[in-house]
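**Q** Position chain B against the provided structure of chain A, taking the given hints into account.
As given, the protein sequences belong to chains A and B, one line each in that order. One rule links them: number in the working numbering = place in the first sequence (from 1) + 563. One rule links them: number in the working numbering = place in the second sequence (from 1) + 48.
It is worth saying that the hints were derived from the structure and are not from the lab. Be careful, since some hints might not be right.
Using 25 Å as the maximum straight-line C-alpha spacing, the simulated DMTMM-like pairs for lysine to aspartate or glutamate come out as follows [claimed, not checked]:
1) B/K331 x A/D942
2) B/K331 x B/D308
3) A/K944 x B/E319
4) B/K297 x B/D308
5) B/K336 x A/E763
6) B/K331 x A/E803
7) A/K944 x B/D248
8) A/K944 x B/D227
9) A/K944 x B/D223
10) A/K940 x B/D88
11) A/K978 x B/E319
12) A/K643 x A/D942
13) A/K643 x B/D88
14) B/K331 x A/E763
15) B/K331 x A/E971
16) A/K972 x B/E339
17) A/K944 x B/D245
18) B/K331 x A/E667
19) B/K163 x A/E955
20) A/K756 x A/E667
21) A/K864 x B/D308
22) A/K864 x B/E319
Being a predicted model, the structure only gives us computed values, none of them experimental.
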Amino acid sequence: MNGDTSPRPHDVEVLEMRTKRQPLTFLGALAAAVTIAVALEGVIVANQASGQSGTRPRTAAQAPPSRPTAPTPAVRTTAKTPRTPWGAPDLQGVWNTNTLVPLERPREFGARAFMTQEEHAKALADLQQRNQRPGRDSRTVGGKPAVGTEKDVARAYNEFWFGDKPTKLSMRTSMITDPEDGRIPPYTPEATKRIADKREFLAALLQGTSGGRPGPISPRRAERSPDYNLDRINRSDNTEDRGGPERCFGSELPVTMGTGTFGGVMQLVQAPDSVSIYYDVGQGSGFAWVIPITNRPHLPKNIQLYRGDAIGRWEGDTLVVDVTNFSDESDFRGSRENLHLIQRFRRVDANTLSVEFTAEDPTTWTRPWTAAQELEKADEKTTLVLEGGCHEGNYGLLGMMLNTRAAEKAFAEGKGPDPATQDNATGGGAEN
Amino acid sequence: MRIRFNRVSGAAAGAVVIAVLALAVIQTTGQATRTPRTSDGKPNLNGIWQVTNTANWDLLAHTVRPAVAQPGVYPNHPVLAAPVVALGAAGLVPPGPGVVEGNEIPYKPEAAALKRDNAEHWLDRDPEVRCYMPGIPRAMYMPYPFQITQGTNKIQMVFAFANASRTIYLGGAPDPPADKWMGHSVGRWEGNTLVVDVTDLNDRTWLSRSGDFHSDALHLVERFTPMTPDALRYEVTVEDPNVFTRPWKMSMVLYRQLEDNALLMDYRCIELVEETFLGHLRKNQLVKRWEGDTIVLDVTRRTPPGDKRYER
Numbered sequence: 564m565n566g567d568t569s570p571r572p573h574d575v576e577v578l579e580m581r582t583k584r585q586p587l588t589f590l591g592a593l594a595a596a597v598t599i600a601v602a603l604e605g606v607i608v609a610n611q612a613s614g615q616s617g618t619r620p621r622t623a624a625q626a627p628p629s630r631p632t633a634p635t636p637a638v639r640t641t642a643k644t645p646r647t648p649w650g651a652p653d654l655q656g657v658w659n660t661n662t663l664v665p666l667e668r669p670r671e672f673g674a675r676a677f678m679t680q681e682e683h684a685k686a687l688a689d690l691q692q693r694n695q696r697p698g699r700d701s702r703t704v705g706g707k708p709a710v711g712t713e714k715d716v717a718r719a720y721n722e723f724w725f726g727d728k729p730t731k732l733s734m735r736t737s738m739i740t741d742p743e744d745g746r747i748p749p750y751t752p753e754a755t756k757r758i759a760d761k762r763e764f765l766a767a768l769l770q771g772t773s774g775g776r777p778g779p780i781s782p783r784r785a786e787r788s789p790d791y792n793l794d795r796i797n798r799s800d801n802t803e804d805r806g807g808p809e810r811c812f813g814s815e816l817p818v819t820m821g822t823g824t825f826g827g828v829m830q831l832v833q834a835p836d837s838v839s840i841y842y843d844v845g846q847g848s849g850f851a852w853v854i855p856i857t858n859r860p861h862l863p864k865n866i867q868l869y870r871g872d873a874i875g876r877w878e879g880d881t882l883v884v885d886v887t888n889f890s891d892e893s894d895f896r897g898s899r900e901n902l903h904l905i906q907r908f909r910r911v912d913a914n915t916l917s918v919e920f921t922a923e924d925p926t927t928w929t930r931p932w933t934a935a936q937e938l939e940k941a942d943e944k945t946t947l948v949l950e951g952g953c954h955e956g957n958y959g960l961l962g963m964m965l966n967t968r969a970a971e972k973a974f975a976e977g978k979g980p981d982p983a984t985q986d987n988a989t990g991g992g993a994e995n
Numbered sequence: 049m050r051i052r053f054n055r056v057s058g059a060a061a062g063a064v065v066i067a068v069l070a071l072a073v074i075q076t077t078g079q080a081t082r083t084p085r086t087s088d089g090k091p092n093l094n095g096i097w098q099v100t101n102t103a104n105w106d107l108l109a110h111t112v113r114p115a116v117a118q119p120g121v122y123p124n125h126p127v128l129a130a131p132v133v134a135l136g137a138a139g140l141v142p143p144g145p146g147v148v149e150g151n152e153i154p155y156k157p158e159a160a161a162l163k164r165d166n167a168e169h170w171l172d173r174d175p176e177v178r179c180y181m182p183g184i185p186r187a188m189y190m191p192y193p194f195q196i197t198q199g200t201n202k203i204q205m206v207f208a209f210a211n212a213s214r215t216i217y218l219g220g221a222p223d224p225p226a227d228k229w230m231g232h233s234v235g236r237w238e239g240n241t242l243v244v245d246v247t248d249l250n251d252r253t254w255l256s257r258s259g260d261f262h263s264d265a266l267h268l269v270e271r272f273t274p275m276t277p278d279a280l281r282y283e284v285t286v287e288d289p290n291v292f293t294r295p296w297k298m299s300m301v302l303y304r305q306l307e308d309n310a311l312l313m314d315y316r317c318i319e320l321v322e323e324t325f326l327g328h329l330r331k332n333q334l335v336k337r338w339e340g341d342t343i344v345l346d347v348t349r350r351t352p353p354g355d356k357r358y359e360r
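So that you can see chain A by itself, here it is in the shape it has in the complex (with noise of 0.2 Å):
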């Protein structure tokens, strides 16, 4: 399972440790291992005696990792590429971005990757101007205030919680880079149903809402949702019927990091055995992200995770990423305990660190897209990366229960509206 055959000292002081509980009845055996630990003392003397000790740069196979060895990064020298210590690749920092980059290609752009300099110039006026605009502030409906309607209690946040804006906008026209046009391919016939069942199942909910069609209250309120549900539903029978974010879960992989007051960072700490981040996105549900560098194979089939199972190993300059064992409660775009993530994160420059995904899915998308993000070395002494605490502070989610059980008791001593008729889940529908 283990392909790096290179002499690690760590294994020969564990050899050395088995060599004196011996019994001396087991001369043969005790011969042999002294031989192999005289013979493994040897290689690692020669090697240092090669140059590769003192203040030299070891590889990874000669640092003490814990297990399983970490594959050697295949060493290149790149000028502008700073690297650790121990010779590879450095991708450690404190990263965000300020840039502007839709993950989809607006359709006018065709198959071009990048706009031109007039189009740059109009869309980044555009830009400047919807930031102007605004937003969540402007609390009328029809006209009139719209303090105290669905709306303006759905909409919670307003404008100052949205703080900075993004100032920068890139030349490229997606984050996407295949295919071609720029964007995520259709979903196959079996993820188009599955998402509309779901979509029927939301609106279900919603009948006879302000945010729904009209109609009576449907009979599927009292369906489980066909899916394990993550959404935003109009139904709070269960915690469970809450959406992923209310209940804490977490941001999801891949992580594309947005931009302005709730755009992210992204903090990386390296060692030769394991990468270490922490995305700290997403309004407190960030989370920590061990990426082992290992050439263990992927875990059983049948275990699930919400983040996946990492295996890293470098590519030449390049850290892949190869995610599998998702998770049913995971939701990636409409994909789920079949995804296969590929990351590559590659140093482009001091200031610069390259972040790509590759993600798969054949019972999803009808072939495999990618998208790349270029993320900006943040001054670590300004910018905090937080831990998340959204589950220890989650007062919402108990809100949420406590507030359906509440009205449907006043609904049932006829001092207010039946909460089904309610909605709780679109943020004012018709209102707005």
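**A** Same frame as chain A, now just chain B:
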């Protein structure tokens, strides 16, 4: 097994003796290889680590006892109580010799009373039960692994439990803006020892399941010292003038996971504790009887034929 001592085995033994002597020489002269080091010469802490002690249950010396107890027939001999009575031996606190120097935590008198009260109401108050981030130092000695990634100017620790993590800044740190569950850690090397100063912890975390607590004035000094390639001495000095009369110290050992398939897997408990804390707010409750948010447990466990105590 008996070995006939003939000339051949005698010669082999002689060779072995020489080899062992040679090995001993390599070991004593090559002392530097005893502590695995990073390329910049620091002790290499990379790997997956875990304590084997029982500090998370009780920091002081303790014998085995029910995790949730009710009075039995004799004083000082409590028996398992309702929430865990069906668990049998799996519902007990494992015994341990303790991790506190002098086996005494110097609580102020009023704090000692609160600690005792906390211990009695452990199940209702312990943030661990709610799947909250465990804080420092408790994260270091929970009975689950954590992974160290030793970078060039930061050390990142990620804990299996609740996906908690901490960054130890080695080369300059930002000013912490607020108290955090996992605090703010600034480290430095003193010879082979990583010394970490931890501040800015909130007052929400506990130190054990026995009700040990602290205030937001908690200040820790941790010391990580390699003992062997696979063991670290972990010492932590606990200072909190709001709660303790003097600083006190814990000491324990962190062990490296040596399994070929060692892997940090998330102890993902957020959705699994919903039933405990929000189950009473389901439209159709799964627990048969709640009184408000109080679970009224009728512990009815019918053992199926063939599975009874003396049938297996």
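**Q** Now, for every hint given, state plainly whether the structure supports it.
**A** Do the hints match the structure? See the list:
no. : hint            : result
1   : B/K331 x A/D942 : violated, 49 Å
2   : B/K331 x B/D308 : violated, 47 Å
3   : A/K944 x B/E319 : violated, 35 Å
4   : B/K297 x B/D308 : violated, 34 Å
5   : B/K336 x A/E763 : violated, 33 Å
6   : B/K331 x A/E803 : holds, 11 Å
7   : A/K944 x B/D248 : holds, 17 Å
8   : A/K944 x B/D227 : holds, 17 Å
9   : A/K944 x B/D223 : holds, 8 Å
10  : A/K940 x B/D88  : holds, 24 Å
11  : A/K978 x B/E319 : violated, 33 Å
12  : A/K643 x A/D942 : holds, 19 Å
13  : A/K643 x B/D88  : holds, 21 Å
14  : B/K331 x A/E763 : holds, 23 Å
15  : B/K331 x A/E971 : holds, 9 Å
16  : A/K972 x B/E339 : holds, 16 Å
17  : A/K944 x B/D245 : holds, 18 Å
18  : B/K331 x A/E667 : violated, 41 Å
19  : B/K163 x A/E955 : holds, 22 Å
20  : A/K756 x A/E667 : holds, 22 Å
21  : A/K864 x B/D308 : holds, 19 Å
22  : A/K864 x B/E319 : holds, 22 Å
Going through the hint list in order, the structure does not satisfy hints 1, 2, 3, 4, 5, 11, 18.
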